[in-house]
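If you read the protein sequences in the order shown, they are chains S and C.
Each residue of the first sequence is one higher than the one before, counting from 7 in the working numbering.
Each residue of the second sequence is one higher than the one before, counting from 2 in the working numbering.
Source of the hints: derived by calculation from the structure; they are not laboratory data.
All values reported here derive from a predicted model rather than from experimental measurement.
Wrong hints could be hidden among the right ones.
Residues of chain S placed beyond 12 Å of chain C at every Cβ, according to the derived structure [claimed, not checked]:
id, residue
1, Met7
2, Leu72
3, Ala80
4, Leu81
5, Gln115
6, Leu157
7, Val170
8, Asn181
9, Thr182
10, Ala185
11, Leu201
12, Tyr234
13, Leu260
14, Met276
15, Phe284
Derived list of chain C stretches under chain S, where covered just means 3 residues or more per stretch with a C-beta under 8 Å from a C-beta of chain S [stated by the list, open to error]:
id, stretch
16, 115 to 129
17, 243 to 250
Glycine included, every Cβ here is placed at the ideal spot set by N, Cα and C.
Chain residues, written in single-letter form:
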Amino acid sequence: MVDLLQLIISGTATGAIYGLCALGFTLLWQASGTINFAQGEFVMVPAFLMLFFINTAGLPMWLAFLLTCLVAMALLGYTFKRAMVDPLIRHGVIPLVIATLGLSIGVKQLVKAGVTAQAQPFNSIFPDGLLSLGSLKVSYMDVGTLLLAGLIVVSLQMFLNRTVTGRAMQAVAQNTDAAKILGINVARTVLYTFLINAVLAVVAALLVTPTYLAKFDMGDSIGLKAFYAAIIGGFNQTRGALLGGVLVGVLENLTGAYISPAYKEGVALMLFLVVIIFRPEGLLGKAEERKV
Amino acid sequence: MSKRQVIALVAALVLFAILPQFLKSYGIYLMTLLCVYLMAAFGLNLIVGYAGQMSIGQAAFYGIGAYVAAILMTKMDVSFWFALPIAAIACFVVGLALGFPALRVQHHYLAFATLGFNVLVFLVMRNEEALTGGTFGISNIPRPSIFGYSLDGALPFFYFAFVSVIMLASVLWWLLRSPWGRAFAALRDNPIRAESTGVNITAYTLLAFAIGAACAGIGGVYLAALVNFIEPGQFHLSVSLLMLLAVIVGGSGRFFGPVLGSVVVVLLPEWLRFLQDWYLAIFGFAVIVLMVYLPGGLLSLGDRFKSGGGTP
Numbered sequence: 007m008v009d010l011l012q013l014i015i016s017g018t019a020t021g022a023i024y025g026l027c028a029l030g031f032t033l034l035w036q037a038s039g040t041i042n043f044a045q046g047e048f049v050m051v052p053a054f055l056m057l058f059f060i061n062t063a064g065l066p067m068w069l070a071f072l073l074t075c076l077v078a079m080a081l082l083g084y085t086f087k088r089a090m091v092d093p094l095i096r097h098g099v100i101p102l103v104i105a106t107l108g109l110s111i112g113v114k115q116l117v118k119a120g121v122t123a124q125a126q127p128f129n130s131i132f133p134d135g136l137l138s139l140g141s142l143k144v145s146y147m148d149v150g151t152l153l154l155a156g157l158i159v160v161s162l163q164m165f166l167n168r169t170v171t172g173r174a175m176q177a178v179a180q181n182t183d184a185a186k187i188l189g190i191n192v193a194r195t196v197l198y199t200f201l202i203n204a205v206l207a208v209v210a211a212l213l214v215t216p217t218y219l220a221k222f223d224m225g226d227s228i229g230l231k232a233f234y235a236a237i238i239g240g241f242n243q244t245r246g247a248l249l250g251g252v253l254v255g256v257l258e259n260l261t262g263a264y265i266s267p268a269y270k271e272g273v274a275l276m277l278f279l280v281v282i283i284f285r286p287e288g289l290l291g292k293a294e295e296r297k298v
Numbered sequence: 002m003s004k005r006q007v008i009a010l011v012a013a014l015v016l017f018a019i020l021p022q023f024l025k026s027y028g029i030y031l032m033t034l035l036c037v038y039l040m041a042a043f044g045l046n047l048i049v050g051y052a053g054q055m056s057i058g059q060a061a062f063y064g065i066g067a068y069v070a071a072i073l074m075t076k077m078d079v080s081f082w083f084a085l086p087i088a089a090i091a092c093f094v095v096g097l098a099l100g101f102p103a104l105r106v107q108h109h110y111l112a113f114a115t116l117g118f119n120v121l122v123f124l125v126m127r128n129e130e131a132l133t134g135g136t137f138g139i140s141n142i143p144r145p146s147i148f149g150y151s152l153d154g155a156l157p158f159f160y161f162a163f164v165s166v167i168m169l170a171s172v173l174w175w176l177l178r179s180p181w182g183r184a185f186a187a188l189r190d191n192p193i194r195a196e197s198t199g200v201n202i203t204a205y206t207l208l209a210f211a212i213g214a215a216c217a218g219i220g221g222v223y224l225a226a227l228v229n230f231i232e233p234g235q236f237h238l239s240v241s242l243l244m245l246l247a248v249i250v251g252g253s254g255r256f257f258g259p260v261l262g263s264v265v266v267v268l269l270p271e272w273l274r275f276l277q278d279w280y281l282a283i284f285g286f287a288v289i290v291l292m293v294y295l296p297g298g299l300l301s302l303g304d305r306f307k308s309g310g311g312t313p
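Using the sequences provided together with the hints, build the complete structure.
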């Protein structure tokens with residue numbers, strides 16, 4: 007029983023990171039119809055940026071994180087939108103999807119050929135060791151991850167629901183034309199979404215890299231999990247992405263422990279396929295429709 | 002096809018046929034690999050270019066074909082000539098089983114379903130050691146003989162694969178020009194109008210997907226016989242992604258698009274070996290540039306010039 011609880015807690019922590027990535031993924035989809043197949047590389051690049059700022063430039067962690075956020079916003083937010091999404095979205099979804107696939111391969115190989123093909127260690131911002139709650143032992147890293155991810159999600163929700171900008175972003179996501187008529191600056195609002203996606207990716211990189219290690223292909227796995235999470239939870243649902251992320255994380259842990267480590271990914275993958283086939287709107291998709 | 006195009010095609014085929022005579026064994030292997038890859042890529046073009054669907058799981062079918070044939074040939078002593086249709090039919094049926102529910106809901110969900118399917122197939126290949134040999138794969142896969150003439154040699158097997166891919170392409174060509182195939186053009190150009198004139202969109206798309214999957218299965222059987230050894234890594238999701246990019250870079254929806262695309266991803270990296278990992282890096286960014294300036298793929302370059310350089 008204690009084992010089960012521990013597996014669920016650590017699975018939730020990993021899942022929260024997937025959820026952060028998936029959240030950015032769904033935000034981009036809602037605001038601009040972008041399906042970003044390079045989402046995993048959007049996590050990998052900040053991981054290397056932070057390593058560069060820490061190891062080569064000798065900066066402290068917090069400064070490296072802030073600088074990486076700025077660079078990511080400029081590169082993975084602004085430049086990505088202006089150089090790829092804006093010119094391509096006119097041709098429809100498919101050319102853009104193909105271009106993000108190209109970006110994924112290009113960035114990955116660029117890091118492999120130009121930086122390093124070896125996995126680089128990355129220090130966690132949380133202390134080592136275990137927190138004991140009775141017979142339950144949880145690592146500080148899991149607790150910290152959950153707290154930080156939770157904080158990010160709550161503040162993002164507050165931003166989206168309580169501020170004028172946030173509500174404008176929701177309006178654009180729901181109906182671009184109506185939003186434009188209401189006087190919302192659609193182009194700028196969509197840009198905010200891209201910037202938020204970039205920051206979410208940096209946070210995900212900060213949390214996931216200590217376990218995944220910084221490697222050119224680390225994005226393959228995390229991008230895929232974020233993708234599962236987004237679809238399982240509901241492509242049109244911000245909350246769905248989180249639910250999907252946690253489900254994927256917990257299922258992975260439980261499958262690895264109780265069924266077979268070789269099929270760790272298997273159950274989440276089956277859930278992904280079942281959702282696509284029987285509930286394409288995602289687990290939370292329907293509830294939203296009823297509310298309307 | 003105009004007369005000039007026919008001449009160009011025949012010239013290209015003749016060139017392709019005599020080139021291996023002057024190559025060493027590795028060069029012949031690469032030319033054969035190109036033929037094999039093309040079988041799967043032609044199938045993918047049917048799905049992507051003609052039926053207008055995204056499939057990110059062609060390597061899964063490539064792998065199913067290869068594994069079915071390898072298991073039949075090495076463990077049950079079935080001849081290549083029986084294994085080939087069995088593998089093709091298996092892929093066709095799996096394609097129907099995967100495509101039917103995925104296409105029923107929403108069209109672009111086929112892309113997601115094929116992606117997940119590819120990961121799942123990879124896991125099964127890697128983990129079911131009793132059946133697939135796990136990470137060690139299956140080795141000593143025999144090459145076939147035809148009318149008592151052994152195709153073990155590099156050159157005979159090249160000509161076998163070369164003739165086979167031409168036959169496969171001819172069947173697809175004929176299919177696309179049949180009334181059935183013409184419905185595709187209608188489907189791709191205006192799905193709503195096509196449906197209103199009585200084209201059953203889902204049935205046509207599903208059939209195209211299953212036929213495309215079967216083509217990949219056939220390619221897989223030839224791959225198993227060519228390399229004599231298969232392992233899960235040959236059928237990873239990344240292989241599917243690269244094949245999809247190959248078809249689109251060449252020019253999806255153009256019959257010979259996959260040929261050009263396959264040359265770019267199969268032969269070019271070998272000629273440009275000094276570039277090593279930089280090759281794929283350049284390729285990835287080139288895809289972005291191509292999508293921005295030439296979304297129709299490399300083969301649409303000709304049309305661009307014909308129409309006077311204006312945007313199409």
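Structure-based check of all given hints:
1. Met7: Label holds. Min Cβ-Cβ 29 Å, cutoff 12 Å.
2. Leu72: Consistent with the label, leucine 72 of chain S stays out of reach of chain C, its closest Cβ about 29 Å off (over 12 Å).
3. Ala80: 18 Å, holds
4. Leu81: 14 Å, holds
5. Gln115: With a cut-off of 12 Å, glutamine 115 of chain S comes too close to chain C, as the shortest Cβ separation is near 4 Å.
6. Leu157: 31 Å, holds
7. Val170: 33 Å, holds
8. Asn181: Correct as stated: the minimum Cβ-Cβ distance to chain C is 20 Å, above 12 Å.
9. Thr182: 19 Å, holds
10. Ala185: 24 Å, holds
11. Leu201: The claim stands: leucine 201 of chain S keeps its Cβ more than 12 Å from every Cβ of chain C (closest is about 21 Å).
12. Tyr234: Label violated. Min Cβ-Cβ 8 Å, cutoff 12 Å.
13. Leu260: 16 Å, holds
14. Met276: 8 Å, violated
15. Phe284: 8 Å, violated
16. 115 to 129: holds (count 8)
17. 243 to 250: Contact hint for the stretch 243 to 250 of chain C vs chain S: holds, 4 residues under 8 Å.
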